[in-house]
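Trainee: Residues per chain, in single letters:
Protein chains: 2
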Amino acid sequence: MDKKTTKAVGIDIGGTSIKMGLVAERGEVLATSKVSTGALDSDGAFAKVCEGVHALAEQGGIDAGKLDAIGLDVPGVVLEDGTLTMAPNITLDLAGLTTTLREAYPQASLAVLNDANAAALGEAWLGSGNARGGTVMVTLGTGVGAGVVIGGNVIAGAHGAAGEIGHLNVEPEETETCNCGCRGCLEQYASARGLIRLYREECEADGAEPVAIAHATDALAVFEAARGGNTQAVRACERLGHYLARALAAVAVTVDPDAFVVGGGMSGGWDTFGRACLAHYREVAVSACKDTPIRPASLGNDAGFLGAARRALLSL
Amino acid sequence: MDKKTTKAVGIDIGGTSIKMGLVAERGEVLATSKVSTGALDSDGAFAKVCEGVHALAEQGGIDAGKLDAIGLDVPGVVLEDGTLTMAPNITLDLAGLTTTLREAYPQASLAVLNDANAAALGEAWLGSGNARGGTVMVTLGTGVGAGVVIGGNVIAGAHGAAGEIGHLNVEPEETETCNCGCRGCLEQYASARGLIRLYREECEADGAEPVAIAHATDALAVFEAARGGNTQAVRACERLGHYLARALAAVAVTVDPDAFVVGGGMSGGWDTFGRACLAHYREVAVSACKDTPIRPASLGNDAGFLGAARRALLSL
Chain A
1 MDKKTTKAVG IDIGGTSIKM GLVAERGEVL ATSKVSTGAL DSDGAFAKVC EGVHALAEQG
61 GIDAGKLDAI GLDVPGVVLE DGTLTMAPNI TLDLAGLTTT LREAYPQASL AVLNDANAAA
121 LGEAWLGSGN ARGGTVMVTL GTGVGAGVVI GGNVIAGAHG AAGEIGHLNV EPEETETCNC
181 GCRGCLEQYA SARGLIRLYR EECEADGAEP VAIAHATDAL AVFEAARGGN TQAVRACERL
241 GHYLARALAA VAVTVDPDAF VVGGGMSGGW DTFGRACLAH YREVAVSACK DTPIRPASLG
301 NDAGFLGAAR RALLSL
Chain B
1 MDKKTTKAVG IDIGGTSIKM GLVAERGEVL ATSKVSTGAL DSDGAFAKVC EGVHALAEQG
61 GIDAGKLDAI GLDVPGVVLE DGTLTMAPNI TLDLAGLTTT LREAYPQASL AVLNDANAAA
121 LGEAWLGSGN ARGGTVMVTL GTGVGAGVVI GGNVIAGAHG AAGEIGHLNV EPEETETCNC
181 GCRGCLEQYA SARGLIRLYR EECEADGAEP VAIAHATDAL AVFEAARGGN TQAVRACERL
241 GHYLARALAA VAVTVDPDAF VVGGGMSGGW DTFGRACLAH YREVAVSACK DTPIRPASLG
301 NDAGFLGAAR RALLSL
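First to last, the sequence lines map onto chains A and B.
Mapping to full-length UniProt numbering: the first sequence position 193 is 193, numbers consecutive.
Mapping to full-length UniProt numbering: the second sequence position 238 is 238, numbers consecutive.
This is chain A alone, in the form it adopts within the complex (with noise of 0.2 angstroms):
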């Protein structure tokens, strides 16, 4: 590799474990790693963050010394300028671990974005999504986010909301709260919890007996169930398809994406939901905005790195 190439580590930090990569400006992974992390709030965990750098950069063939960019991304709430003012999954104090950076790599140019943001940005330049256009990215898991890219840069918002349709409303009749408070919010159906509430649903209409479900986030079991062709189960993922497709139709009209992506622990479930979310898309979407794509994440893991190390090579 030519060494006058720019390069970056993207640096995905999550509740337990930090992955790494270095990163050319064409998005080639020159090397990655992961470690396990607790809190990160003292000197001592900053020192290892910044040692895992240096590492991943000898990896590489390079001095970390010379990188050009770092960027960062968290599991909170991010605004725009990379202040952090809400994390509540994680023992995290980003002031001084940026702090610690900045001293460590000065010629760096240091990015901070929220981690479902960073997972779109990376779909959008190596994945499922768009590059220089608009792509948002849907993450499906224990909550549901979504990051906006709109020109192919990731955008936080007013108040770092931007992309937080898991309280987008699909379902005016609803009589149960969310956690946030509101009634019908897209969060109380397509995450593992409201897939599993939608499934249960559908057995007590039924009279159905459940299939086993181990614990309220086991989604999987639902999905597995719908596999084999459990009525109930099929139609539950039919609903979480079509909550789905409402709130991708209000984003459409919004912004007017290139592509969606569909991520997220839940995505491993698109093969149950995918056709029920397209179709229905299809039938509530704007006509401009029909053939809009829907497609299911790439990138696995790598996404968040990937688009940590983009936002902080964009920040050049």
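Quick caveat, the hints were computed from the structure, so don't treat them as lab data.
Note that beta-carbon positions come from the ideal geometry of N, C-alpha and C, so glycine has one too.
Misleading hints may appear alongside valid ones.
What follows is a list of derived Cβ distance ranges for each label pair [stated by the list, open to error]:
#1 A:THR231 x B:GLY229: 50 to 56 angstroms
#2 A:PRO172 x B:ARG102: 46 to 52 angstroms
#3 B:ARG132 x A:VAL29: 30 to 36 angstroms
#4 A:LYS290 x B:GLU171: 16 to 22 angstroms
#5 B:THR83 x A:LYS4: 33 to 39 angstroms
#6 A:ALA95 x B:ARG132: 22 to 28 angstroms
Fit chain B to the known structure of chain A by using the hints.
Mentor: Frame of chain A, contents of chain B only:
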């Protein structure tokens, strides 16, 4: 004025007239003009537009041959690259007009955009929106549309459909069909016809005689009845406010703007539906966005040429 100040002409093309303004880089309006127009599809018609630009520049004390930029907004679907794909309400040969303008003003950068998008950009720049951040301006009139401004510039979307929130579903239970073929679109409630329909529904439910409505889009009659305390008109306006709030809450979780602006002919009735809209928005919006301001537009018919000029200045 310093002769080195960058200056643009904004040309707002409507169905029956063209409004133009000579605008300096900080938004100072140096001159305006308005001319009636017929079809814009002949050399003669294009020449008249150029004459208008010349006269406007002269009126503003500058040489038209030294204009830095020209922005043109049209009532149709315009892609990011300035291509017009649909303009149902006007006879317009946009390619011919832009060719003529490019030949007449070869030194000027030329930008083309949709009229609702221009109005949104104008309000973001100099009116009720946010100049550098995100603004979504909803235009309520015969139809319902919006312009979505991100980072101080307006987006067109992959198919020119960004901001087409007139076709955002706000009522999944609706049985009547919208012009677009779907059911429950915002336009079915928040357009002039929509408000009249809501009003007639309220009258029918109460067995009350409706006030005189002069024509199919005479929303003014309903606003005036509401101002006079007519119970059914008050309720119809409140329902309009509720549906608008639902749509804005969906937009908020997608792009999280700094401000919402409500414009168009129907915004003259803001006093009758604004309070209901604000109150319901705070009930249904995600918590991070509950305090996002929703304000009536403040530039009136000047928003279009100001936004067109701004777009052209941003392209320099």
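Trainee: Is the hinted range of 30 to 36 angstroms satisfied by the C-beta distance from B:ARG132 to A:VAL29?
Mentor: holds (35 angstroms)
Trainee: Go ahead and decide if the range 46 to 52 angstroms is satisfied by the Cβ distance of A:PRO172 to B:ARG102.
Mentor: holds (49 angstroms)
Trainee: Assuming the hint says 16 to 22 angstroms, is it satisfied by the Cβ distance from A:LYS290 to B:GLU171 or not?
Mentor: holds (20 angstroms)
Trainee: Lying within 33 to 39 angstroms: is that true of the beta-carbon distance B:THR83 to A:LYS4?
Mentor: holds (37 angstroms)
Trainee: Is it true that the C-beta distance of A:ALA95 to B:ARG132 lies inside 22 to 28 angstroms, as the hint says?
Mentor: holds (24 angstroms)
Trainee: Looking only at beta-carbon atoms, does the pair A:THR231, B:GLY229 fall within the given range of 50 to 56 angstroms?
Mentor: Since the Cβ atoms of A:THR231 and B:GLY229 sit about 55 angstroms apart, the hinted range of 50 to 56 angstroms holds.
This entry satisfies every hint, going by the numbered hints stated previously.
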